[in-house]
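Novice: Going line by line, the protein sequences match chains A and B. Read in order, the letters of the first sequence are residues 1 to 476 in our numbering. Read in order, the letters of the second sequence are residues 1 to 503 in our numbering.
Simulated from the structure, these hints should not be mistaken for laboratory data. Note that the structure is predicted; figures quoted are calculated from it, not measured. Where is the CB? At the ideal position from N, CA and C, for every residue including glycine. Accuracy of the hints is not assured; some may be wrong.
[Unchecked claim] What follows is a set of in silico ranges between Cβ atoms, one per label pair, in the way DEER data are often shown:
id	chain 1	residue 1	chain 2	residue 2	range
1	B	47	A	268	24 to 30 Å
2	B	192	A	65	36 to 42 Å
3	A	456	B	37	30 to 36 Å
4	A	173	B	188	38 to 44 Å
5	B	23	A	455	23 to 29 Å
6	B	23	A	61	57 to 63 Å
7	B	358	A	290	32 to 38 Å
8	A	264	B	165	27 to 33 Å
9	A	456	B	202	33 to 39 Å
The primary structure of each chain is shown beneath.
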Amino acid sequence: MMSMADFAGVLPELVVVITALLAILVDIAAKERNASASRNVTILGLAVAGALAFVSPSDSPMLMAGQLFNDGLTMWFRALFAFVGMVIAAYSPLYLTFRNIRLGEYYSLLTMSVFGMMVMASAASLLVFFVGLETMSICLYVLVGLRRSDASSIEGSMKYLVLGAFSSAFLLYGMALIYGGVGSLDYAVIAQTLRESSGIGPMTISGIALLLVGFAFKISAVPFHFWSPDVYEGAPTPITAFMSTGAKAAAFVGLIRVFGQALSASSEHWVMALTILSAITMTVGNVVALRQSSVKRMLAYSSIAHAGYMLLAIVAGTREAYAAASFYLVGYALMNLGAFGVLILLNQRGKGDYSFDALRGMGTIHPLLGLTMAVFMLSLIGIPPTAGFFGKLYVFSEAIKQGHLTLAIIGLLNSAVGAYYYLRVISTMYMAKAEGDVTVPQPICYKIALVLSSLLIVMLGMFPDQLVTAMLKAIP
Amino acid sequence: MLLSLLIAIPAIAAVLTLLLPRTAPGLIRWFSLGASLLTFAVSLVMLANFQVGEGSFQMVEKMQWIPSIGAEWHLGVDGISLFLIVLTTLLTVLCILSSWHSINERVQEYHFFFLLLETGMIGVFAALDLFVFYVMWEVMLVPMFFLIGVWGGQRRLYATIKFFLFTMAGSVLMLAGVLYVYFHTLDPETGKNTFNLLLATEQSKYALDVQRWLFMAFGLAFAIKVPLFPLHTWLPDAHTEAPTAGSVILAGVLLKMGTYGFLRFCLPMFPQATLEFVPWISWLSLIGITYGAMVAMVQKDMKKLVAYSSVAHLGFVMLGTFALNQQGLTGSLLQQINHGISTGALFMLVGVVYERRHTRMIADYGGIAKVMPVFAVLFLIVALSSIGLPTTNGFVGEFLILLGTFASNTLYGVIATSGVILAAVYLLWMYQRVFYGKIVHEENQKLKDITLAEALPILVLVVLAIWIGVYPEPLLVRMEPSLQLVLDKFQQGDMSQLMGVLP
Chain A
1 MMSMADFAGV
11 LPELVVVITA
21 LLAILVDIAA
31 KERNASASRN
41 VTILGLAVAG
51 ALAFVSPSDS
61 PMLMAGQLFN
71 DGLTMWFRAL
81 FAFVGMVIAA
91 YSPLYLTFRN
101 IRLGEYYSLL
111 TMSVFGMMVM
121 ASAASLLVFF
131 VGLETMSICL
141 YVLVGLRRSD
151 ASSIEGSMKY
161 LVLGAFSSAF
171 LLYGMALIYG
181 GVGSLDYAVI
191 AQTLRESSGI
201 GPMTISGIAL
211 LLVGFAFKIS
221 AVPFHFWSPD
231 VYEGAPTPIT
241 AFMSTGAKAA
251 AFVGLIRVFG
261 QALSASSEHW
271 VMALTILSAI
281 TMTVGNVVAL
291 RQSSVKRMLA
301 YSSIAHAGYM
311 LLAIVAGTRE
321 AYAAASFYLV
331 GYALMNLGAF
341 GVLILLNQRG
351 KGDYSFDALR
361 GMGTIHPLLG
371 LTMAVFMLSL
381 IGIPPTAGFF
391 GKLYVFSEAI
401 KQGHLTLAII
411 GLLNSAVGAY
421 YYLRVISTMY
431 MAKAEGDVTV
441 PQPICYKIAL
451 VLSSLLIVML
461 GMFPDQLVTA
471 MLKAIP
Chain B
1 MLLSLLIAIP
11 AIAAVLTLLL
21 PRTAPGLIRW
31 FSLGASLLTF
41 AVSLVMLANF
51 QVGEGSFQMV
61 EKMQWIPSIG
71 AEWHLGVDGI
81 SLFLIVLTTL
91 LTVLCILSSW
101 HSINERVQEY
111 HFFFLLLETG
121 MIGVFAALDL
131 FVFYVMWEVM
141 LVPMFFLIGV
151 WGGQRRLYAT
161 IKFFLFTMAG
171 SVLMLAGVLY
181 VYFHTLDPET
191 GKNTFNLLLA
201 TEQSKYALDV
211 QRWLFMAFGL
221 AFAIKVPLFP
231 LHTWLPDAHT
241 EAPTAGSVIL
251 AGVLLKMGTY
261 GFLRFCLPMF
271 PQATLEFVPW
281 ISWLSLIGIT
291 YGAMVAMVQK
301 DMKKLVAYSS
311 VAHLGFVMLG
321 TFALNQQGLT
331 GSLLQQINHG
341 ISTGALFMLV
351 GVVYERRHTR
361 MIADYGGIAK
371 VMPVFAVLFL
381 IVALSSIGLP
391 TTNGFVGEFL
401 ILLGTFASNT
411 LYGVIATSGV
421 ILAAVYLLWM
431 YQRVFYGKIV
441 HEENQKLKDI
451 TLAEALPILV
461 LVVLAIWIGV
471 YPEPLLVRME
481 PSLQLVLDKF
491 QQGDMSQLMG
501 VLP
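Throw the hints in and build the complete structure from the sequences for me.
Specialist: So, in structure tokens, the structure goes:
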């Protein structure tokens with residue numbers, strides 16, 4: 001039975017669901033079909049949910065009969081997802097208006113997938129995690145294919161749907177096998193059983209292997225990444241930003257919970273696989289990103305590379321490493337949201353492309369845009385004093401501490417390689433001349449979002465201690 | 001508080017320049033000149049407060065910064081970093097002066113980056129915490145990237161990206177080294193790992209093979225910065241394409257971070273590996289000296305010539321450092337300062353004629369001593385100080401380095417001495433082609449002589465060059481005790497089997 005404490009504990013999630021429903025309702029009620037009412041409801045609702053995450057009215061560590069965690073990790077990621085959702089909702093009108101997409105459902109779907117992410121972050125059993133994952137994914141399938149008349153959008157959506165379903169099947173099969181091997185889907189029970197049993201059966205092993213493949217698809221680790229560049233490119237840009245920050249963070253927090261907590265006792269069976277995955281993911285992501293001519297696609301590949309860096313933390317497998325990964329995810333969300341925000345702004349010019357040429361001269365023509373974009377790029381490279389630098393440093397240092405020196409060095413060299421394509425963005429903005437009139441209008445909400453995220457990135461880079469300590473406390 | 005102030009003033013001033021109106025470049029110039037003068041004044045106060053005869057760190061400041069990983073805001077200055085800091089603050093003032101008329105585009109950003117650069121440079125020299133050091137080391141990369149890329153010459157984009165990637169490649173490996181050292185350094189008070197450099201040096205007792213790897217991890221980053229042959233290829237591009245002030249800072253200060261790094265980190269932390277690497281580094285330095293000089297000789301572009309001369313000069317500095325004796329180390333540290341003064345002045349002088357003719361090709365000049373007599377005299381003095389004529393600063397430094405080198409290895413000494421002769425050849429030959437003979441190009445007939453505003457920063461450097469040449473004692477007494485502490489590491493205990501290398 002659900003008690004009052006349970007209800008109080010999942011209040012943020014409830015608020016999100018109600019927001020999703022309201023977003024449709026107000027759109028129906030509204031006279032004008034421009035969905036601005038839905039957007040306002042969404043932003044407001046997510047703000048409330050995000051705030052509620054911090055003042056969680058329930059202090060019991062588990063909710064819903066042990067199916068949900070109510071710990072620090074839950075709190076931080078609830079807040080992060082709410083924040084990401086808010087920023088995306090604020091970004092969207094510009095893009096949607098330009099593309100003639102006027103749908104209230106858009107905001108409803110966006111909010112529902114935020115709900116899915118929150119469930120993924122707080123899930124305490126594989127089944128609940130799966131439910132969260134599917135809630136998020138199904139909303140995203142629709143959102144990716146929103147530009148119904150655009151071939152690349154349809155292609156992206158189809159690819160995402162087919163491969164997403166495919167990888168979900170892997171996950172589900174893996175879960176089934178683990179259930180067969182261990183006898184439970186609860187993280188805590190799985191962890192305990194694995195710790196106490198002397199050996200580990202073939203059924204559990206194959207379950208772990210399938211789970212690993214499923215997760216690798218979801219975080220787009222090489223060689224399971226082929227879907228992501230096309231999907232990222234085809235999706236509406238705000239949704240690309242949403243996927244590369246929110247969906248990625250949700251998959252990673254799941255990875256931390258499942259591999260870091262539930263399966264940690266069997267780590268000798270999967271650490272090697274994750275190590276290799278991490279090394280090739282960052283290398284391939286970086287090398288392919290070097291050759292891109294579209295900034296959007298470059299960011300897609302760079303996001304693969306960053307997944308590789310974050311996998312390093314899972315390989316290291318300590319509390320500190322998970323805290324480092326969480327810190328990294330927060331920083332990464334900020335810088336990617338910012339970078340995509342700039343892209344959406346520039347795309348108003350209607351060229352429809354995201355080539356590097358679109359950035360020419362932006363540093364001079366729009367100083368604020370240029371400066372913030374430079375901060376995002378420097379943070380993505382990992383230059384201090386930015387959140388990107390500290391995140392990387394913290395992840396790499398934990399990896400070295402746990403003896404994964406080679407992997408850490410591969411990661412470090414990769415960040416030097418990655419510097420090239422991020423620098424290309426900066427150098428195009430500041431060192432190339434623009435042709436013709438290339439000014440773009442900059443709505444105030446964009447300016448706020450860009451300035452706020454770049455300030456946060458620099459603050460987190462200079463004074464990371466607060467967040468690090470909080471993250472450390474959050475990891476059980 | 002003095003050192004924090006030195007780092008904070010340019011940083012705060014940099015942010016403030018962004019708030020000044022873009023339409024008032026004059027105001028921005030005056031403001032940043034004021035800020036850099038203030039920084040310079042503070043560095044002079046630091047110089048005055050420095051206790052002579054004391055080798056360990058002074059004016060030490062320590063504050064919590066990121067307690068969860070054991071990083072502290074830990075600064076201090078000793079005889080090794082003292083003059084490098086003063087050189088930095090001085091050159092920044094002079095650079096802002098020298099770009100007064102030559103930088104007219106995006107004046108605001110230019111000064112923003114320049115002041116930011118100063119913060120980074122002072123931070124690198126003053127850091128007593130590996131984390132602070134690394135942060136500053138990287139921070140400094142960004143403004144330099146912009147200075148070359150935005151205000152540079154024709155091939156600036158290529159040059160600046162090459163500069164950035166070379167440095168970045170070196171520094172990521174250094175980060176691995178820093179982290180390794182971090183995990184082997186314990187703070188006795190908290191029992192946790194710490195980035196504290198003093199503790200790291202004190203506790204560095206690594207096995208020989210570990211020392212080798214660490215030496216290479218740190219050393220590669222430093223060797224790229226120095227630059228040691230064959231890692232120097234970024235330097236001619238960056239120096240040539242950078243705006244005048246950028247070249248001055250690059251040559252004057254940024255290269256010294258490499259040599260400083262060897263002195264501060266590699267030598268004291270990995271002494272045994274250092275001894276092993278002495279022949280390698282010495283030979284690379286010798287190649288740098290002769291190769292740099294010979295390539296400089298055939299350059300058609302004055303700025304490129306000066307750039308290659310840096311490769312040769314820094315070869316001397318490295319050779320002196322790895323002579324591992326008092327003369328060698330003192331000479332090499334002094335020569336670092338000297339190179340900043342002489343080469344900085346050379347770049348400014350080249351900048352003066354470039355402003356007039358917009359060409360740096362030697363062939364485009366000739367005979368200009370007749371139309372620019374004062375300029376010719378200044379150029380001659382600076383060139384001679386760069387060559388190392390007695391009574392100039394270059395002489396004292398090179399002489400000490402050669403003394404030290406001969407004491408440790410005669411062969412190195414002999415080869416290095418030939419490098420001194422080569423230096424005379426390329427500089428004097430260039431001087432002859434630019435200043436003497438007939439004026440063959442009509443445009444050169446009407447060249448205006450150097451103005452007082454242009455001459456002022458160069459004059460300051462000339463005075464310093466001669467002062468150090470005649471009376472280097474005030475510098476040497478402050479440097480020697482700290483260098484002795486570095487050398488002491490090599491006289492301790494279990495190194496007897498390797499002692500043969502030492503004099």
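Novice: Of the hints stated earlier, which fail here?
Specialist: 1, 4, 8
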